[in-house]
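Novice: Please arrange chain B on chain A, whose structure you already have, making use of the hints.
Protein chains in written order, with the numbering used here: chain A, 1 to 112; chain B, 1001 to 1119.
Source of the hints: derived by calculation from the structure; they are not laboratory data.
Don't take each hint at face value.
Derived Cβ-Cβ restraints for the label pairs, each shown as a range [claimed, not checked]:
id, chain 1, residue 1, chain 2, residue 2, range
1, A, T81, B, Q1041, 19 to 27 Å
2, A, Q3, B, S1117, 42 to 50 Å
3, B, S1073, A, P8, 35 to 43 Å
4, A, G40, B, T1076, 22 to 30 Å
5, B, P1002, A, G53, 29 to 37 Å
6, A, T20, B, K1104, 26 to 34 Å
7, A, D95, B, Q1064, 36 to 44 Å
8, A, T27, B, S1055, 22 to 30 Å
9, B, D1063, A, K57, 45 to 53 Å
10, B, Q1041, A, V84, 18 to 26 Å
11, B, Q1014, A, K57, 44 to 52 Å
The C-beta atom is built at its ideal place from N, Cα and C for all residues, glycine as well.
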Amino acid sequence: GQQVMQIPQYQHVQEGEDFTTYCNSSTTLSNIQWYKQRPGGHPVFLIQLVKSGEVKKQKRLTFQFGEAKKNSSLHITATQTTDVGTYFCADTKPDSWGKLQFGAGTQVVVTP
Amino acid sequence: EPEVTQTPSHQVTQMGQEVILRCVPISNHLYFYWYRQILGQKVEFLVSFYNNEISEKSEIFDDQFSVERPDGSNFTLKIRSTKLEDSAMYFCASSPFEFPAGQKVEKLFFGSGTQLSVL
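Next up, chain B with everything else stripped away, as it sits in the complex:
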């Protein structure tokens, strides 16, 4: 079964440094997302991306964050000037655009995540 792949699985960085988290969504999916999960907490939406532009973003996704689809397969999340509170598991997800029987089904496929630790 196709999977969303994320690299690296773990990333340790110093506060103030920039990190790039990488994702390869499922090839025929149209929507891409970044979510994050702080340890022991719920999964939080960061941003959605469709047709080569940001579709929606949350309050968390401020100017420190950016996303890019540099080629036909990769989808990246860049975090500039990392802060301690950016430490979390970052999940990439993708979804097809499905309307079975006229009903939209937003089935998200999540990658295994990148555990970001900011020291």
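Isolated chain A (complex conformation):
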């Protein structure tokens, strides 16, 4: 089946720096969602992207959906310690509801 690949697997970031995590697929994605999971916590919905080339911002977070809908990225500016956690992208299916295929996630560690 379709695999959603995320890179990097780990990201160590100095507080105040920017970083980007990527989500790639060999086939066209339906919609892409991003979730954040704090250490020991549960996934929390961040955003859903639908349209080719779509860009959405949430404060310091910028989400993009590729023109071919085969990749997506999450860019965080001026990283804070509260950004610690694992960021997952998830592909949705057009003919189902809530059956998400998660990527392996990018684990982010922030150094003060």
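Specialist: Below, chain B without anything else, positioned relative to chain A:
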């Protein structure tokens, strides 16, 4: 803000035993799910439930697993004859049925999970 609640937070069981994981989805949500996450791995879909029946299930969700909505608020996952490889964090989730501006948005709300350890 409404939350999905799960009990227990931790469950330890002997291999071969049956366990029931319990969830109370958000009250006005229509879709309910079980996902699991083996330590350090990605979140995996198990089953979705809508209108009192299973909507979809993954290859993981075999005859060992069953779900039930015994009343108007609870949603349970039963695992029969547990195996060592069933050890994982099991997340319940629910979602409303939303089409803002004609676009479906499958926003899942996850509970805090039940950590199942099979010994």
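Novice: The structure should be examined with respect to each hint, and the outcome stated for every one.
Specialist: Hint check results:
1. With their beta carbons about 25 Å apart, T81/A and Q1041/B fall inside the hinted range of 19 to 27 Å.
2. Q3/A and S1117/B have their C-beta atoms about 29 Å apart, which leaves the hinted 42 to 50 Å range violated.
3. A beta carbon spacing of about 42 Å between S1073/B and P8/A agrees with the range 35 to 43 Å that was offered as a hint.
4. Hint check: G40/A to T1076/B, Cβ distance near 24 Å, so the stated range 22 to 30 Å holds.
5. The beta-carbon spacing between P1002/B and G53/A, approximately 34 Å, falls within the hinted interval of 29 to 37 Å.
6. Our hint of 26 to 34 Å for T20/A and K1104/B holds, since their Cβ atoms are close to 28 Å apart.
7. A hinted range of 36 to 44 Å is violated for the C-beta pair D95/A and Q1064/B, which are about 26 Å apart.
8. At roughly 23 Å, the beta-carbon separation of T27/A and S1055/B lies within the given 22 to 30 Å, and the hint holds.
9. One distance hint, 45 to 53 Å for the beta-carbon pair D1063/B and K57/A, holds here, with the actual separation near 46 Å.
10. Against the hinted window of 18 to 26 Å, the Cβ-Cβ separation of Q1041/B and V84/A comes to about 19 Å, which satisfies the hint.
11. At about 50 Å, the beta-carbon gap between Q1014/B and K57/A stays in the expected band of 44 to 52 Å.
Taken one by one, the earlier hints fail for this structure at numbers 2, 7, listed in ascending order.
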